[in-house]
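Based on these hints, arrange chains B, C and D on the given structure of chain A.
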Amino acid sequence: MTVGLIAMQLFSGLALGAILIMVALGLSIIFGMLGIVNFAHGALFMVGAYAGLYVASLTGSFWWGLLLAPLLIGAFGMLIERFLIRPLYGRSPDDPLLLTFGLGYVLVEAVRILFGTEGIPFSTPAELRGVVNLGFGVFPIYRLFVVGVVVAVLVLLWVGLEKTKFGLIVRAGAADPTIMRVLGVDIDRLWLVIFGIGVAITALGGVLAAPMRNINPEMGTLVLAEAFVVTVIGGMGSLGGAVVAGLLVGVAISMTSLFAPEMATIVMFALMAVILLVRPNGLYGRALPGQ
Amino acid sequence: MTAPILSVRDVGKQFGGLVALKGVTADFHAGQITAIIGPNGAGKSTFFNILSGALRPTTGTMRFQGADMAGVPQHQYVHRGIARSYQITNIFPHLTAHENVRVAAQAFRSRFDIWTDRARLAEVSEKAAATLAAVGLADKAGTLARNLAHGQQRALEIAIALVADPVLLLLDEPTAGMGPEETREMVGLIEKLASSRTILLVEHKMKMILGLSDRVLVLHHGELLADGTPAEIQANPEVRRVYLGQSDGYA
Amino acid sequence: MTRKTGLSAGRGVTRRTALAGIAGGIGTLAMPWVARAQNDTIRIGFPTPLTGPFAAEANDQVRSAQLAVKQFNDKGGIAGRQIELLVRDDKLNAGEAATRTLELIEKDKVHAVVGALSAAVQLAVNEVTRARKVLYVSISQSDSINEAKDGSRYTFHEALNPHMTTQVVAKHTFKQGAKVAHLVADYAYGHEMLRGFKRAGEEIGVETVAEVLHPFGAAEYSTFIPTILASGADVLCISNFGRDQANSIQQAVDFGVKEQMQIVVPVLLHNQRIAVEPDVFEGVVGGANYWWGLEESVPSAKTFNDAFRAMYDGALPTDYGAYGYTGVASLLMAMEAAGGTDTEAVVDALEALKYDIAKGEQRYRQCDHQSVQSVLVLKSKGAGDMKDEADLFEVVANEPASEEVLRSCAELGYTG
Amino acid sequence: MTITKAPTLPAAMAGDRFAPILAGLSRWRVPLSLLALCVLPWVLPSQALAVNVLIYGLVAVGYNLLFGYTGLLSFGHATFFGAGAYTTGMAISHFGANWFVAMVAGVFIAGLLALVMGALAIRTRGIYFAMVTLALSQLVYYTALQASSWTGGENGLRGFTVSQLDFPGFSVNLLDPVEKYYAIMVVVALALWFVSRILNSPFGAVIEAIRENETRARACGYNVERTKLVAFVLSGLLCGLAGTLSAMHLAIVPLDSLHYHTSGLMVMMTLLGGAGTFFGPFVGALAFLSMEDVFSLWTSHWQIIVGSIFIIFVLYLPRGIWGTLMALGRRP
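Residue numbers (this note's numbering), protein chains in the order written: chain A, 1 to 291; chain B, 1 to 251; chain C, 1 to 416; chain D, 1 to 332.
Here chain A stands alone, though its shape is the one from the complex (with noise of 0.2 Å):
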């Protein structure tokens, strides 16, 4: 147990806690802006990750796919949001929930039949391959690369939100879509597209995580678990939570992988009991309406 090994330790937790930051924001601001639970989360991510690899195989170059496979996947999400969520705003809060879960279903087979069953390989593009040596330990290149990507997502939505006119619009709209109506904003306009960006967002974490886990049908399952465990702990509706999150998170299974490897899933489920047995709301959850 060197001090190398630890920092090392710590270091993979950061970068994974990058990877569930990832992994959870869109789930965090559809959430958040529209107060849709999304459980087809998974499956969209899934489907990010095939939209990367169809369009890099088509255009022969992994970049492309990183670039065009988010915004196709993204306007998927806007005519999921058009045709089967729309109807639903105003009913009960669970319906949107139950139709996502039966929509993950559909996304699922419905990429089976079309690529079937078995994994399709997706390697990591030449230039981002090998490893670099941190001093204490080594770490592949393609991470730090993730890394980059997910500072500047974060970097784009902070100013897309806080410093823009849209972004302003797209607050006030989350706190009181009744008055933004009022002050005539095509409500259901922006919430086309916020749900649009959230779908294209999760549509990016699958293009990115595919070199570093293969591509299946399956793989959303699990990050459906890993992105609410963060989403939750942050507070619903809160992205700066998740990023906060994503990285307590990212540690916790890190250092507790040093330990105990074993204990590294449960751990992630005993963080959100846990805190939500202290603060019912998450960390800088907003309380929900009607509490």
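Worth flagging that the hints you see were computed from the coordinates, not collected in a lab.
Just so you know, even glycine gets a beta-carbon here, dropped at the ideal spot from N, CA and C.
It is possible that part of the hints are untrue.
[To be verified] Reference excerpt, derived from the structure (chain B facing chain D, CB under 8 Å, subset only):
hint	residue
1	His75
2	His79
3	Ile91
4	Val103
5	Phe112
6	Arg118
7	Ala164
Relative to chain A, chains B, C and D alone:
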């Protein structure tokens, strides 16, 4: 003068930095109708929530029928004899009007009995039917609460509180959103109720309050501005300046 | 060879796999397996996980099993009775498998059951069959099914078990005094493989320097790899199954583990190898029950491959697919010897059976009905030295069938 | 999250053409469901499926007591189903207990777990309540995975096959599918009658009031937290009972019975059938399991059909199969 059934000493409430209510002291005697008035944000609802146990006061004490209410859980208040209706209609939408009132009445008869058929609690059901009739909803017993008209829902709101046969009945803007005809009916009902119990109500309709209540409390910025008979309140210059506006007001 | 992006190098354009996927998918869509049970046909129940992560292996097993049935039907069946395979989807779920097996026994009145692809599922099927004295031939890896508390007169195990696989693989990869690290999936099957490797390691005299248990079905291994790299091991044994194997090896390679230590797996899974790029598995050594490359040295492998190619237009059987063939074929041979479907007679015939139908001499051991069979040790080829897309592995060794690699009957709880 | 779902309580509706039928339905709901159960094994493709419908129907009805009637969406009820099954199995295989004692122990342990999980979870509300129950139930799942010497870990629990139930004067052969079906049906029928009593009891009125409007229920003098906890434990006991029956039926306890996949299954069945109705969950279990059984024979891609049907129901028939039928019956 008999001992007050409700006495409030230096009651105050703070939400973080915001002081919603400060230093309210008053005694309330049996059989009296007391109105609580004041501009929006004066602390009326906060005071009402404290009296009905929905909020814990930050400072001060509240004694009801001689007992200190500190630490009493909210669901015990109605069993001690304090019932309230709500400003925003707060009923059981998908239950029938009769069931709305019956379930409130049942709280005094049994709460954790998972065996006997509730239809067998005949007197609870009859009491609910009687209370529904008292508020004029006898013919609507079988209708789902959410299908009732606004005025009928307000009446149901009061029936749910009334069926508990409270000693102290707190009515939060009972005539909110009602037309003149319905308001007159509601005032008649309140007068009938007052014969056997103490009533506190929050209202904005001045003519109704001055005609109906024996006593008026005026709250302003969370403080008790005035406490007296309707006549004294109308004459009080401080109240006129703050609440009834400069010149005309109600002569 | 200029390396285009990893995607298309060495695998042909991936579009082809996508189109193949579509064709394959629509094929399964249109081919229902519903076969109402006629009265005199010999019915064999075949629970297998058509949905879920092992759907590919399940499909391979169904195709091989149907080959065995076709071969016997073409010969006029058994005692004039045609044979029928009743395939049911057990969704890789033990509860589902038990229900499907109950249906097969109670409604379809099957004469025997073959199948199941995970330890938990086969033990569930076994619990239902042995209580009702129905013959069951299990065709996937598990040690528990050999033990007395789970075994029964009507239970046969045609697959390799973790113990025999790890003994043979260790024999060809561990060197005396080598430092060995273990990355193990934390569930029954993982522990069985670890126990096998450590027992073999003691006999050969290696030093275990790290033992990392990872959660079953984990997708992230980055937090486990630093400990392994820090252990300075020469050999890393990765004992897990299915997608865990592909994910853990992929991420180990990302961290440059292969430069420092030889990666060894108890079972080199065909479908996991083709789920990643060739360079990921390059140099990894592992055990296997079957590899089509055996046809150069084993005549029965050649006949099996040719029959498979003929029936499935040039396709080749995979490791788990072969189990489907050897499991069903050995059962049918026993039925033929017993001249019918009387369970007691068929059990006796199976116990006495000597068969060589795909990979050399095989027979069922008396006490725990484990099929004593050869164990292959394979090494995964790099993209460079693959003759064509199917040329995945080279044969390092083909350990002949013998009981030494099996746990003794006494140790398994069979007395006398 | 308090669900302001339109419960289609079969309470008598004044002035509707079908009112007498609905009134009859509600008063005679238990004998009617008993009749339906008797016919089930001969209507469905196989007795094994029929027994599963019984067991999952009971699980859904037990779960609906909390979800449809009290308005609490829990994602951790697999814990009680699994605990009931595991305790029964372990009592027989490790302690050699007789089957009746083992089943009683199973229901008791499930109730105990429900008391602990309920006490912790009821401090939260809405989606957080669902997440706390999910997290706590996953902890139980991983504990069972680790304690493999007791639970058989990933291989599931085996070795407690009960082939015969002995009663004074007669005995039931569990290996015979028909005898097994009717033995389990008797237990399920008793449980249905018990649930019907609860829903008709004063307590039944209180939990519905809490579903409708928690704050007003508290103002009416009900201890909301304690009532929710009692409902949570009752629902846990019923799911535990279903778990013990599942152990007797399959003679194995798969680890999957504790996984949130099973919790999700309960939610789906209850909503497909119609939350907040008495028959709904049972109809949901019947529909879901039959669809799964039949479709999986046609194609290995049956999940796309089940998923699509579920989406259609949520969009156009939110009251579920039975709820919609009830609503049609009411509208003149």
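For each hint, the structure was consulted:
1. His75: Holds, because the Cβ-Cβ distance from histidine 75/B to chain D comes to roughly 5 Å (cut-off 8 Å).
2. His79: Hint on histidine 79/B: holds, closest Cβ of chain D at ~5 Å, below 8 Å.
3. Ile91: Isoleucine 91/B check passes; min Cβ-Cβ to chain D is 7 Å, inside 8 Å.
4. Val103: Holds, about 5 Å.
5. Phe112: 6 Å, holds
6. Arg118: 5 Å, holds
7. Ala164: 7 Å, holds
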